[in-house]
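Participant: So you can see what is in the structure, the chains are spelled out below.
Protein chains: 2
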Amino acid sequence: MSEDATRQDAMTQQTTAEELAQTVEAAHEAFLKGRSATPQTRAEWLESVASALEADAEALIQVAARETHLSEPRLTGELRRSVFQLRLFAEEIRAGEHLDATIDHADPEWGMGPRPDIRRVNVPLGVVGVFGASNFPFAFSVAGGDTASALAAGCAVVHKGHEAHPELAVLTAAALVRGLEAAGAPAGLFALVTGREAGTELVKHPLVKAIGFTGSTAGGRALMDLAAKRPEPIPFYGELGGINAVVVTPSAWLERRDEVISEYVGSFTLGMGQFCTKPGLLFVPAGEDVELQEPLEEALRGVAGHSLLTGHLAAGYAQSVEHVSSRPGVRVLVPGSFDEVPQPTVLVADASEAFSDPELLRREMFGPASLVLRYADGEELLRLVGLLEGQLTTTVQGTASDVGQDSTDELTQLLAERSGRVLWNQWPTGVTVSYAQHHGGPYPATSSNTTSVGTAAIRRFLRPVAYQGWPEAALPEALQDANPWHIPQRVDGVWHLPEAAEGAAE
Amino acid sequence: MSEDATRQDAMTQQTTAEELAQTVEAAHEAFLKGRSATPQTRAEWLESVASALEADAEALIQVAARETHLSEPRLTGELRRSVFQLRLFAEEIRAGEHLDATIDHADPEWGMGPRPDIRRVNVPLGVVGVFGASNFPFAFSVAGGDTASALAAGCAVVHKGHEAHPELAVLTAAALVRGLEAAGAPAGLFALVTGREAGTELVKHPLVKAIGFTGSTAGGRALMDLAAKRPEPIPFYGELGGINAVVVTPSAWLERRDEVISEYVGSFTLGMGQFCTKPGLLFVPAGEDVELQEPLEEALRGVAGHSLLTGHLAAGYAQSVEHVSSRPGVRVLVPGSFDEVPQPTVLVADASEAFSDPELLRREMFGPASLVLRYADGEELLRLVGLLEGQLTTTVQGTASDVGQDSTDELTQLLAERSGRVLWNQWPTGVTVSYAQHHGGPYPATSSNTTSVGTAAIRRFLRPVAYQGWPEAALPEALQDANPWHIPQRVDGVWHLPEAAEGAAE
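Going line by line, the protein sequences match chains A and B.
Following my numbering, the numbering of the first sequence begins with 4 at its first residue and continues without gaps.
Following my numbering, the numbering of the second sequence begins with 4 at its first residue and continues without gaps.
Just so you know, not all the hints are guaranteed correct.
[Unchecked claim] Keeping only pairs whose Cα atoms sit at most 27 Å apart, straight-line, the calculated DSSO-like set for lysine-lysine is:
hint: 1; chain 1: B; residue 1: 207; chain 2: B; residue 2: 232
hint: 2; chain 1: B; residue 1: 232; chain 2: A; residue 2: 207
hint: 3; chain 1: A; residue 1: 232; chain 2: B; residue 2: 207
hint: 4; chain 1: B; residue 1: 207; chain 2: B; residue 2: 36
hint: 5; chain 1: A; residue 1: 36; chain 2: A; residue 2: 207
hint: 6; chain 1: A; residue 1: 232; chain 2: A; residue 2: 207
hint: 7; chain 1: B; residue 1: 207; chain 2: A; residue 2: 207
hint: 8; chain 1: A; residue 1: 232; chain 2: B; residue 2: 232
[Unchecked claim] Each pair of labels, with its calculated beta carbon distance range:
hint: 9; chain 1: B; residue 1: 412; chain 2: A; residue 2: 318; range: 25 to 35 Å
hint: 10; chain 1: A; residue 1: 25; chain 2: B; residue 2: 360; range: 42 to 52 Å
hint: 11; chain 1: A; residue 1: 94; chain 2: B; residue 2: 117; range: 18 to 28 Å
hint: 12; chain 1: B; residue 1: 257; chain 2: A; residue 2: 35; range: 24 to 34 Å
hint: 13; chain 1: B; residue 1: 35; chain 2: A; residue 2: 35; range: 28 to 38 Å
hint: 14; chain 1: A; residue 1: 310; chain 2: B; residue 2: 489; range: 20 to 30 Å
hint: 15; chain 1: B; residue 1: 35; chain 2: A; residue 2: 221; range: 23 to 33 Å
hint: 16; chain 1: A; residue 1: 110; chain 2: B; residue 2: 305; range: 52 to 62 Å
If you are wondering where the hints come from, they were derived from the structure by calculation, not from laboratory data.
Glycine included, every Cβ here is placed at the ideal spot set by N, Cα and C.
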């Protein structure tokens, strides 16, 4: 077959249960071969994958643009982000931060009675199943955060490709495999599978030890339940999306309403509203609809549209907007459209409607639509926030005069209780990959207390093992007193940092 | 009612579903009041509980001895351990280690595009439900590890008392509540409930955000499934026990067989074998039964017995020994007894029997019995170890000549893959509370990748929240640049340790 025909075949092929089992077994073999690689070696694998993706950037972006309708500049930025992520994770594991190396020397005087020599280090879980999302074809798909963090941890990855970008999935997987191979990683450490059956078999396979998932609450919950029902239940790290409520304080509304509205429009229409962090809900002080309508229409005039990711999503989007529009008390403030290239829609209601119909606070409209809720006073606002379910993010748009007020503190506390990330005078779309990032949040935003973005995501795919009484020569390198890997070690309760990693003492 | 009558009443009372709901709601209120306490204040709460337990030590130990049949010296040591644990956790949270404070300043040059100011800190989950075990009436019960770690994290605790020591549960809870009260903690931060119905309602209550459990695999799995089926699933941290296989290498068997046998007997009969870390399986090189029988009988002569914890456990113990004894190929090497005070039992089989009957490697006998499996050679041993399920601990008894051998490395790797803790020339019973301890292990040993012993146990009851773009004055103290709590902060990827916590740089 020609190369094109091979690719065509790979795209449309559905992995059978038997093929899935073979792929997982091969991944497990690769995991066994690869797990004792030093952090230095594994970092080189990740960097080699980053280079392979960069080398194929042009072709990847071209195919992604065709399959997803996303713009080339957006896709270029997203690929850059994914490549950066691999290199950042390489740095992180080279530093040994993820190992959490902890050494307690024997101590005959230990308060509860003599303490043996005991040392703990994190080890990789095994084969990880990853389900990519449609809306970030690079950052949350084949070579996205779950894959990068699982490989960084030392796991093997079997990735179930998303049907929204089948050709891109095959191309990306090829670059990834080529990168791993070039750096000498064991064959089979990463593999792509396709089709619904492969997905469920992946969650059920006994050699699969964790799942990373980005997608809808319904789809995620079904797979999560499957993971929980296994003879050996496994962790299911699902990023299931959310509403991302934004609260505008009265003073911010007074001081910079037009600016807030313009930024809100920019955020909820970004990528045609197909972000898990899209602000789907804006709480503003009560007032006349007309005050809102004009600046909204003004801001929306600048938005360039494009088709949604898939016809399936477009249908679901139209349905959800119709559903929310038809709730009692909801008015259409800016009527959008549901054409091939949809025009954004803004709905509005009095906040008090949500007391009898909390669905208003909970129904995600995955596309360029958002709901404005007008609150009568601070008390009503707090009551509303109390009804919010778990969120990836929540945001306060405030002013300097709000800082330090009890009401602001109470609001922030209530929001933090329900969120993975709380923002002040910024917008939730755009999730930086860094040390402090937490892309998580209480259920139904996610299915665990972990993050799927940032260096902390690596920890999800590790588990601790303690070694008691072992002679130095038989200990894993990370736990040797000589510290041959020059990593941070907590020794008898006190952190010892290698020189390069040592910050200034206070 | 007299004080005695009140206590009697509390002991036999079964918490109704309605009472359970009230208790959880009160605990939630207490959590809301208490969560913003500084680590310093919370540390004082823990220390006050420690002092209250010490003040009541005599009465507690007396009641525990009567209800559990465990010896006073053992109970004295166990209470000391529990008190020590509270003080160690107080120190740990005062140091701020559990907060994992991470600060990324805004960085316009960040590789994937400009980075906003983003900071992450751990916050407590809310109300935690704890199920205590029967076999450690102090260390894994009312004032045990799960309670101590959840309170240290800033959570409230509703503890479902174990019916094996009802009076002790009430007494311990009273001391605990008195300790919290004396230090000014919010009322309701800890509460005791009793009865099976209260247990299931506790797992199902929407305000309960995590479960800590120590007990059997069957009981744990049922509650775990309940936690997974909730509308909002919650983490279930179950310590479910295990077999704790011990491997004796040929050279150790040659060099110090009698010593190994004597230590083995000491470990598997400790506390009448009612330890989750009891060595239930000893792999030794093939040979004649008589070589084993004599030193075993010799060592067993020194063991002083007592009644098992409950009649229910005694019946289950007898049944499990009968079950294993009757498998094909299993011989009774030392016939014990199943009287009120049981005599220890040792069974033996050729290791190869386990290939056709892996049940031999998997059936826990909770009491003073253990199974010796004789392996023909190194290859057979590795195959056998490959059949082990997840274990809390595994152990190698070896010699200096084994260290650095490929076969030892392969064995250790296989054991570590299946264990939470791997020991060298020590015995698994006795679990120190320290920084490096990991009391966990793959399913069915536990239901998660976390530890229920040691300072790392605190992390189970926390979740991260990121703050993006907040002014310094509105940030949680842990995330302020000024670092008013003097805790470790990772700033722009580099750890900054307060002076007291700073170790020597390499």
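Participant: If a hint holds in the structure, say so; if it does not, say that too.
Facilitator: Cross-check of the supplied hints:
At most 27 Å may separate the alpha-carbon atoms for a hinted pair to count; residue 207 (chain B) and residue 232 (chain B) meet this at roughly 9 Å. Distance check on the hinted pair: residue 232 (chain B) and residue 207 (chain A) sit about 17 Å apart at the alpha-carbon level, within 27 Å; holds. Between residue 232 (chain A) and residue 207 (chain B) the CA atoms are separated by roughly 17 Å; this keeps the pair inside 27 Å, and the hint holds. For the proposed pair residue 207 (chain B) and residue 36 (chain B), the alpha carbon gap of about 23 Å is at most 27 Å, so the pair holds.
Simply put, residue 36 (chain A) and residue 207 (chain A) have alpha-carbon atoms about 23 Å apart, close enough for the 27 Å limit, and the pair holds. Proposed proximity of residue 232 (chain A) and residue 207 (chain A) is supported: the alpha carbons are some 9 Å apart, at most 27 Å. As the CA atoms of residue 207 (chain B) and residue 207 (chain A) are separated by approximately 26 Å, the hinted pair is consistent with the 27 Å bound. Between residue 232 (chain A) and residue 232 (chain B) the CA atoms are separated by roughly 10 Å; this keeps the pair inside 27 Å, and the hint holds.
At about 57 Å, the CB distance of residue 412 (chain B) to residue 318 (chain A) disagrees with the hint of 25 to 35 Å. The supplied range of 42 to 52 Å is broken by residue 25 (chain A) and residue 360 (chain B), whose beta-carbon atoms lie about 29 Å from each other. The supplied range of 18 to 28 Å is met by residue 94 (chain A) and residue 117 (chain B), whose beta-carbon atoms lie about 19 Å from each other. Take residue 257 (chain B) and residue 35 (chain A): their Cβ atoms lie about 31 Å apart, and the range 24 to 34 Å holds.
Checked against the hint of 28 to 38 Å, the C-beta distance between residue 35 (chain B) and residue 35 (chain A) comes to roughly 48 Å, which is inconsistent with it. About 54 Å separates the C-beta atoms of residue 310 (chain A) and residue 489 (chain B), a value inconsistent with the hinted range of 20 to 30 Å. In this structure, residue 35 (chain B) and residue 221 (chain A) meet the distance hint of 23 to 33 Å, their C-beta atoms being roughly 32 Å apart. Under the hint 52 to 62 Å, the C-beta atoms of residue 110 (chain A) and residue 305 (chain B), about 28 Å apart, miss the expected range.
Taken one by one, the earlier hints fail for this structure at numbers 9, 10, 13, 14 and 16, listed in ascending order.
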